[in-house]
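The task is simple: from the sequences and hints, build the whole structure.
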Amino acid sequence: MTGLWVAIIVTAVGCYLLKVAGLSVPQRVLAHPLAAEVAALIPVALLAALVAVQVLGDGPSLTVDARVLGLGAAVVLLLLRAPFLLVVFGAAAVAALARLAG
Amino acid sequence: MSASPDQPDRQVVVDSLGVGLATGAYGVSFGAVATASGLDVWQACALSLLVFTGASQFAFVGVVAAGGAPLAGTATALLLGSRNLFYGLAMAPRLRVRGWRRLAAAQVVIDESTAMGLGQHDHRQSRLAFHLTGWTVFVLWNLMTLVGAAAGTALGDPRTYGLDAAVGAAPVAPAQRVATTPRGPRRRRDGDRAGAPDGGGGAGHRRRGRGGRRRAAAPA
Chain P
129 MTGLWVAIIV TAVGCYLLKV AGLSVPQRVL AHPLAAEVAA LIPVALLAAL
179 VAVQVLGDGP SLTVDARVLG LGAAVVLLLL RAPFLLVVFG AAAVAALARL
229 AG
Chain A
134 MSASPDQPDR QVVVDSLGVG LATGAYGVSF GAVATASGLD VWQACALSLL
184 VFTGASQFAF VGVVAAGGAP LAGTATALLL GSRNLFYGLA MAPRLRVRGW
234 RRLAAAQVVI DESTAMGLGQ HDHRQSRLAF HLTGWTVFVL WNLMTLVGAA
284 AGTALGDPRT YGLDAAVGAA PVAPAQRVAT TPRGPRRRRD GDRAGAPDGG
334 GGAGHRRRGR GGRRRAAAPA
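For the record, the sequence lines run as chains P and A.
The first sequence begins at 129 in my numbering and counts up by one.
The second sequence begins at 134 in my numbering and counts up by one.
Keep in mind that the hints were calculated from the coordinates and are not lab data.
Just so it is clear, the structure is predicted and the values come from calculations on it, not from any experiment.
Mixed in with the good hints there might be a few duds.
[Said to hold, decoys possible] Chain P stretches covered by chain A per the calculated footprint, using a threshold of three residues with CB under 8 Å from any CB of chain A:
{"hint": "1", "region": "141 to 154"}
{"hint": "2", "region": "159 to 168"}
{"hint": "3", "region": "173 to 186"}
{"hint": "4", "region": "198 to 205"}
{"hint": "5", "region": "215 to 222"}
[Stated by the list, open to error] Which stretches of chain A does chain P cover? Using the computed rule of at least three CB atoms under 8 Å from a CB of chain P, they are:
{"hint": "6", "region": "180 to 193"}
{"hint": "7", "region": "200 to 208"}
{"hint": "8", "region": "212 to 226"}
{"hint": "9", "region": "231 to 243"}
{"hint": "10", "region": "247 to 257"}
Ideal Cβ positions, reconstructed from N, Cα and C, are used throughout, including at glycine.
Here it is in structure tokens:
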């Protein structure tokens, strides 16, 4: 169990340092238009990847299940300019109903 | 959700709380998975409190559950956690936090807070959305981790309620907003001087300052 605690602490310290590092890059560096543009767009790519993994991921493999219907509902609600809460919980409701039905 | 630059603060608050609630509630799933993977309740809670970046936490317990060396779990978690570095890069010009405020804000640099923060047109609302989303997730995620870890599977699978789909879909809207937000070096530099001094805490964000509400100017 001690090994587990050591790993937890190392993970915590490492993950925290990564977060601090990003906030600590000097503003001069980001003042460059290209750097600013890249810094602004990388998160979009990462978030898109995150959505894909969270919606399609199933352990080490990919799968299509009720989450895809939830995502579809979110996109439709988004296009209809629905409030954010409705988008998020709409996705949950559709996925839950699909599972109930399936 | 409006894409208007003049989005009222109330809308930002409602959106942020919505994302915060949905994501935070999913902490119950992490708690349950962690204990099912062989961690005790304290270890599950320590991960949520100290690591606090969902994908890394799930990856860590996944490796442990699969019988891997715990430090292999650490390596996987750090790899996934490296995206928070880029999130910090993108948020830094908007947050402009120093000292202890930077150290505190760093802990809530996660997917949801970044997505909500970057999705706002002016920097003051960026800070409001970032902090409100981040800390709402932090409090709920930790609370629900404890609940999930303590209750184990007694609560039933959170997927029954579609929570996993909500978490998956939550970053879509802000990501879309970021992608379609006009950008430009001019706006980045002089975004909102009036809001600058209150980088961190909650109360300062609510300060009304018409002058600080400079709208997102068209790119120069």
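Now the hints, each set against the structure:
Given a C-beta distance limit of less than 8 Å, the hint that chain A covers the region 141 to 154 of chain P holds, as 11 residues qualify and 3 suffice. Counting residues of the region 159 to 168 of chain P whose beta-carbon sits less than 8 Å from any beta-carbon of chain A gives 6, enough to reach three: the coverage restraint holds. Given as covered by chain A, the region 173 to 186 of chain P passes the check, having 8 residues with a CB less than 8 Å from a CB of that chain where 3 are the minimum. Under the rule that three or more residues need a Cβ within less than 8 Å of chain A, the assignment of the region 198 to 205 of chain P holds, with 5 such residues.
A stretch counts as covered by a chain when three or more of its residues have a beta carbon under 8 Å from one of that chain; for the region 215 to 222 of chain P and chain A the count is 7, and the coverage holds. Taking a C-beta to C-beta cut-off of 8 Å, the region 180 to 193 of chain A contributes 8 residues in contact with chain P, enough for the three needed, and the coverage statement holds. Taking a C-beta to C-beta cut-off of 8 Å, the region 200 to 208 of chain A contributes 5 residues in contact with chain P, enough for the three needed, and the coverage statement holds. Residues of the region 212 to 226 of chain A with a Cβ under 8 Å from some Cβ of chain P number 13, which satisfies the need for three, so the listed coverage holds.
Under the rule that three or more residues need a Cβ within less than 8 Å of chain P, the assignment of the region 231 to 243 of chain A holds, with 6 such residues. Chain P is given as covering the region 247 to 257 of chain A, and this holds because 3 residues of the stretch bring a CB closer than 8 Å to a CB of that chain, at least three being needed.
Hint compliance for this structure: no hint is broken.
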